[in-house]
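Participant: This is what each chain is made of:
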Amino acid sequence: MNKLAISISIVLSALLIGGVVLMGSQSSGGASGVATVVDGKQFIDITAKGGYSPRVVTAKAGMPTVLRVQTNGTFDCSASLVIPKLSYQKFLQSSGTEEIIISPEAAQGTMKGLCSMGMYSFEIDFQS
Amino acid sequence: MPKSDQKTYTFHVSGMHCNACILMTESELKDVPYVTDAKSSLSSHSVEVTGAFGNKTPEGIAEELTQVLRPHGYGLSVERVQKDAGWGDFVYALPIALVLITAFVLLQKAGLTNLISGGSVSYGTAFVIGLIASVSSCLAIVGGLVLSLSASSAKEGGTWRTQALFHAGRLGGFFVLGGTIGLIGSSFHLGLTANVVLGIVVAAVMFILGVNLLDVFHFTKRLQLTMPAWASRHVVRGSRHDHYLAPALVGIGTFFLPCGFTQSMQLFALSTGSFMQGALTMLVFALGTFPMLALLSFGSLNIAHKPWKGIFFKTAGIIVIMLALLNLTNSLATAGIINPLFNI
Chain W
6 MNKLAISISI VLSALLIGGV VLMGSQSSGG ASGVATVVDG KQFIDITAKG
56 GYSPRVVTAK AGMPTVLRVQ TNGTFDCSAS LVIPKLSYQK FLQSSGTEEI
106 IISPEAAQGT MKGLCSMGMY SFEIDFQS
Chain E
84 MPKSDQKTYT FHVSGMHCNA CILMTESELK DVPYVTDAKS SLSSHSVEVT
134 GAFGNKTPEG IAEELTQVLR PHGYGLSVER VQKDAGWGDF VYALPIALVL
184 ITAFVLLQKA GLTNLISGGS VSYGTAFVIG LIASVSSCLA IVGGLVLSLS
234 ASSAKEGGTW RTQALFHAGR LGGFFVLGGT IGLIGSSFHL GLTANVVLGI
284 VVAAVMFILG VNLLDVFHFT KRLQLTMPAW ASRHVVRGSR HDHYLAPALV
334 GIGTFFLPCG FTQSMQLFAL STGSFMQGAL TMLVFALGTF PMLALLSFGS
384 LNIAHKPWKG IFFKTAGIIV IMLALLNLTN SLATAGIINP LFNI
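So the sequence lines, in the order shown, correspond to chains W and E. Start counting the first sequence at 6; every next residue gets the next number (the working numbering). Start counting the second sequence at 84; every next residue gets the next number (the working numbering).
Hints listed in this document are in silico derivations from the structure and should not be mistaken for laboratory results. Glycine included, each C-beta is placed from N, C-alpha and C at the ideal position. It is possible that some hints are incorrect.
[What the hints assert, rightly or not] Output of the computed footprint for chain W on chain E, the stretches with three or more beta carbons under 8 angstroms from beta carbons of chain W:
1. 170-183
2. 342-352
3. 415-421
Let's have the full structure, built from the sequences with the hints guiding it.
Facilitator: Here it is, written out as structure tokens:
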């Protein structure tokens, strides 16, 4: 095995791994949103299609909360919503809006939502 | 031929790693006119050849017989060749695997799912969803499983029939099960815990198969899902009574694999309330996934007989192991045990 091939192989591999890691870290800092408050209730809107958007939502802790997940021709994994903290699992209709009630007691800390295969996720950050 | 001319030599065989190889090498060597008997051993990677070799040196015989076996990917030598794990193949396999994985990640970033619009599902849409599913997140689990199973099967001397049965099982299973949920209106969705457990089991199977494909660590041989010699014998001789069931059942089983696209199609089939509509929706969806999965399984089968098969098996092994780890972390994240690591 000649040394040139080995070094090309190592350099190429390093570049690819670096590229993927970089892409991954960029996306995790993606779009963020803020909950809207109406009459003492806060609403969090998330669109589910090929992933969740926004990926990070900031909300108030200890407030009655409604999480509205909107689907529009969603046939991928993001329609299969799981929120481990709430023991919530539901397969959403491919088009429509799903309202998930989060009690003030549950609206604490960081809450994660994922698709059932785990490759898409979003995060609600309840700040006190 | 006088008996006194008969001599027995033991040669080391390179490239022998399956039960079918014993039969292959033995039958090829016995076809050589001056060879009267050949006995191969998988455990010691050796073959005992008896025949009238005249004044040929052992080295000369090894060279001649290698000519016979070379087309099948085996080689004979007098000295025991240091068991070559084929580390050199990694020079090619690693970058190739990484290029393919990067391409897969980029494909997910490209927003393929946005190609699907509207809420209604026609058969045309179901087909397109199938096509997209086969190159997206579902590829990590269904495609990974197909690649690991078919590459392992090809390595073990499996034939196209094994692969064809898997696909027939998948298509047939989707038709019948799709019709069933359309008719009885209750879906087969697994609960969260079952989903997580299934995800971990699939990841574990893929991991073991992936490590075996690398062919580097020999302790995993014990874990290897090797076809027993009698089964290989049937496959090699073209006899066919054993191997119908298993691949077909695995094919049918893919209906239950946690893949978002499959599940949303099942949800739609469920809402149709008719056997025929549900069955056709699922069948058309499965047909949409067929080109990609067929490429993976029949591709592995073809390549398994090429000279650069070592590189292929290692590439497949690396990809399968990475997908297994991806599926494992995803399952754990879904269970809320760890934070999601990947977000494609």
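Participant: Do three or more residues from the stretch 342-352 of chain E put their C-beta atoms closer than 8 angstroms to C-beta atoms of chain W?
Facilitator: Contact hint for the stretch 342-352 of chain E vs chain W: holds, 8 residues under 8 angstroms.
Participant: Count the residues of the stretch 170-183 of chain E whose Cβ falls closer than 8 angstroms to any Cβ of chain W, and tell me whether that reaches three.
Facilitator: holds (count 8)
Participant: The stretch 415-421 of chain E covered by chain W? Criterion: 3 or more residues, Cβ-Cβ distance below 8 angstroms.
Facilitator: The restraint on the stretch 415-421 of chain E holds, since 5 of its residues have a Cβ under 8 angstroms from chain W and three suffice.
When held up to the earlier numbered hints, the structure conflicts with none and fits them all.
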